[in-house]
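Enquirer: One-letter residues, chain by chain:
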Amino acid sequence: MSTPAERPLLAVESLQVGIRSARGTFLAIEEVGFALDEGEVLGLVGESGCGKSITALAVMGLLPQPVARITAGQVWFDGTDLAALTNEQMRHMRGDRLGMIFQEPMTSLNPVYRVGDQLVEALREHRPLGRGEAWREAVAMLDMVGIPAARDRASSYPHELSGGMRQRVMIAMALICRPKLLIADEPTTALDVSTQAQILDLLLSLKRELGMAILMITHDLGVVAEVADRVAVMYAGRIVETADVFELFRAPRHPYTDALLRSIPRLDSELDRLVTIEGTVASPLERPSGCSFRDRCPRARPRCAEAVPPLGELAPGHRARCYFPVEAPAPQAERV
Amino acid sequence: MSAVREFLVPFGQRKVAAFGLAFLVLVLVAALLAPWIAPYDPQQIDAIDRLAPPSAEHWFGTDHAGRDLFSRVIYGARMALLTGAGVVAIALIFGVLLGTLSAYFPTLGMVLMRIVDVLMGVPALLLALALVVILGKGLFNSMIAVGAIYVTTTARITYGLTRKIAAETYIEAVTSLGAGHWRIIRRHILPNLLSPLMVQATFIFAFAQLSAASLDFLGLGLPPDVPSWGNMIAETTRYITRAPGLLMFPGAAIILTVFSLNLVGDVLRDRLDPRFKDDLAK
Amino acid sequence: MGIYVLKRLLGAIPTLVIASLLVFAFIHLIPGDPASVMLGDMADAEDIAALRTELGLDRPIWEQYLLWVSHVLQGDLGSSIYFQEPVLRVIGEGAETSAFLALFTMILIIAIGLPAGIVAASFHGTRIDQSLSGLTMLFASIPTFWLGLYLIFTIAVRLNLLPTSGFPSVLESGNLANFRYLILPAITLSAPNSALVIRLVRAGMLDVMREDYVRTARAKGIAEHAVILRHVFRNALIGVVATLGFTFVGLVSEAVVTETVFALPGIGRLVVQSILRRDYPVIQGIILVVIVFYILVNLVVDIVTTWLDPRVKLQ
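Which chain is which? The protein sequence lines are A, B and C, in order.
Add 11 to the 1-based position in the first sequence for our numbering, that's all there is to it.
Add 7 to the 1-based position in the second sequence for our numbering, that's all there is to it.
Add 734 to the 1-based position in the third sequence for our numbering, that's all there is to it.
Source of the hints: derived by calculation from the structure; they are not laboratory data.
Treat each hint with caution, since some may be false.
[Said to hold, decoys possible] DEER-style ranges, computed between Cβ atoms:
{"id": "1", "chain 1": "A", "residue 1": "Glu99", "chain 2": "B", "residue 2": "Thr248", "range": "54 to 64 Å"}
{"id": "2", "chain 1": "A", "residue 1": "Gly35", "chain 2": "B", "residue 2": "Pro60", "range": "48 to 58 Å"}
{"id": "3", "chain 1": "C", "residue 1": "Arg1045", "chain 2": "B", "residue 2": "Asp124", "range": "51 to 61 Å"}
[Said to hold, decoys possible] Which chain B residues face chain C? A few, computed with CB under 7 Å, are given here:
{"id": "4", "residue": "Tyr111"}
{"id": "5", "residue": "Thr114"}
{"id": "6", "residue": "Met127"}
{"id": "7", "residue": "Ala131"}
{"id": "8", "residue": "Leu225"}
Note that beta-carbon positions come from the ideal geometry of N, C-alpha and C, so glycine has one too.
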């Protein structure tokens, strides 16, 4: 029996989610596995449609049943397999032990209730508190997420707040029961750049203060560079690379990650044209055999079509799902 | 030919809807071939064999004047289809005209739509009754009266849709390329109106049956001797305890026809759904 | 809120004006000379001439309109040919029946329609939802006059449980048992309307269920029934209120047939009888009253919607 300090807070293993659509059943994500330690930030990166949001929803038990469900795998959270829990059991964990915030702050709050009431609802669902006490807690939480004049603001309605404020409210709501894990699904995508930075800073400081882990889902490598400790890259429903964040940026091994990093224009480079990745992501119903990236991969060889490459450990803590990974550059001398 | 097959596909998926379509075909056949299908003359009185229960001779039995109920129900299909078609025609023609005109001449349109709004506030049957007062009774007046109810809803829908389409950027593009008003209406607006109007037409046809039958029942629609389903029920209220078939057979005819039309309308609406969900009739 | 109500009342005035114009036009569209039409077939030339002068029929039409409006605002809607009484009083006598009928029908509609709509939405896509969908469509296809007759035939006559016609006044007699005369009519009237309400409530709920904040509520770990009621229904309520308002007004229409079938002394039956009797003043009066009623109901719906939805700004 591993002690809490030794085992990861969240360990997803071979997770598979099936979706029933008008055109048939398909797997949205397959063999997805990653781990997250207490207090760690894991960035889950990928372009839209790669399955990162589905993964998050699967962990939270929020898949839109019966259309989508976990068809295989385990989600170990603090010793419990969430995938094996009943809906009712999972519900008790949601909002209490794990929290989630979403991409669209403008529409993610109920318009007919005051902000404070919505926080109180989240709190009283899991804690036996009186209304007065709960309201005070809510105000304190709003203060903690950096909302000025929290006591007055708590009586506001969502439409009276800006996008950035609403996102802070969402964060407050997700964290009010002090969960150990916060899943953040593209929390800054819908915000302007300066607000983005504020929210990310807020998340990091809350992480320190509350001692929680964050699963940060994003398509923006910049966000990953800012906040993540470790990164997992997803493509077409599978994890294709996991590594420490510095390692990933310094030495990407999977061709997809490599291409992604190359495609980010840098101010100090001279380019005539932007670097792109050829082709488009195949729809989940038409994934090629073997490695799903091989149609777009400059390094593809016949072997890639035979079978899906396993997620192999190329260096300690660094895995990639490729038969012919990109060569690692020589370790750089420390820059002074 | 493939258009027909495309049309029939969703009916294969839903059995109830298929039943509805089949029933409508039945009604259509009955209406068209009435003189040849009906075993008796619907007006033929038989003083002896009155209020008879269903039998081999009279499948639905006879009414209080000894007339064969089955034949009368078949002829009733004629009136139902005729009335329905008339109402739909009036509602669509005038409704679309009113709606597109209002959309095209904004100031006039606003006034017209205000008037339409007030008219829509008058409950359906009451509006029809008001028109019956002005126009009098009879088949055509009935059609106009009931048609007027749906002219308002059709006009509103057309107005909304036309404005929405006209506001879309591709209209701007086409106009800046020099296309004239009529061309725009013909090639861009009308085709987009076709699908929602088709669905509207089906539902109008359905509810027109109920409105028309109600008018008949009140004695304010078709002349009493005409064999419409509403009239048949109206004539026989005194006798239904003795011969329940008098209520049940014409009643079932109305209910099943309206139900089938609603089913078909639903299927049509689902096919065209994504774009027009918000604008369609209830 | 008070200022809002005032503003809405003012905003209703143009609608009232249009309504009055329509009703006035209606009077003049009736074939025949309005005066002789109003006095009926029995009147002689002298009376007709006198009425013509009184109504100002020899004056320009806009003057006639203003004259008519001033009469209306004083509560004078003309005189019933058949009853030889002021129209407003005639209508008033039927008001008790129609009002109670409408009230009971609405109670039934709300009691059946709302829960059924919520259930259908909660279980959408399942057998329950589909069968409910089919049932509601079937009930919406039943003509009220048929249903009324059917109920009379089965329940009242065969089983002799409930009265089938008439409605002795409750307000006059104070006898609450008289309400049982309204049971069958209310059931008849509520059937097709409930079906409609169920469909609209279901649709409204489904729309709200797609919203992001419902997902947020689930993410907080709220129990599903609380999500449905506190989050989904509370937001769908805004649309539901509008639906109920419009259903309420529509009852007036259907009541015409129901009151006729059950021989209830209400405004609905009055309309039909007046048409058959050519009592035009009464018909006009009823149409005007109904339109005003519709405008009032709209106003109430607006106010309730504003109260329910904090996003609507009270200016």
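Enquirer: Can the hint on Ala131/B be confirmed by a CB-to-CB distance to chain C that is less than 7 Å?
Expert: 5 Å, holds
Enquirer: Hint check: is the beta carbon of Leu225/B less than 7 Å from a beta carbon of chain C?
Expert: Status holds, d = 5 Å.
Enquirer: Determine whether the Cβ-Cβ distance between Glu99/A and Thr248/B falls within the hinted range of 54 to 64 Å.
Expert: Holds - the Cβ-Cβ distance for Glu99/A and Thr248/B, about 56 Å, lies within 54 to 64 Å.
Enquirer: Does the interface hint hold: is Tyr111/B within less than 7 Å of chain C, judged Cβ to Cβ?
Expert: Violated, about 22 Å.
Enquirer: Would the hint on Thr114/B be counted as holding, given a Cβ-Cβ threshold of 7 Å to chain C?
Expert: 15 Å, violated
Enquirer: Take the C-beta atom of Gly35/A and the C-beta atom of Pro60/B, compute their distance, and say whether it sits inside 48 to 58 Å.
Expert: Check passed, 55 Å falls within 48 to 58 Å.
Enquirer: Range first: 51 to 61 Å. Now tell me if the beta carbons of Arg1045/C and Asp124/B are that far apart.
Expert: For Asp124/B against Arg1045/C, whose Cβ atoms are near 24 Å apart, the range 51 to 61 Å is violated.
Enquirer: Was the hint right that Met127/B lines chain C, CB cutoff 7 Å?
Expert: This interface hint is violated because 9 Å lies over the 7 Å limit.
Figure legend: structure checked against the earlier numbered hints; hints not met, in rising order: 3, 4, 5 and 6.
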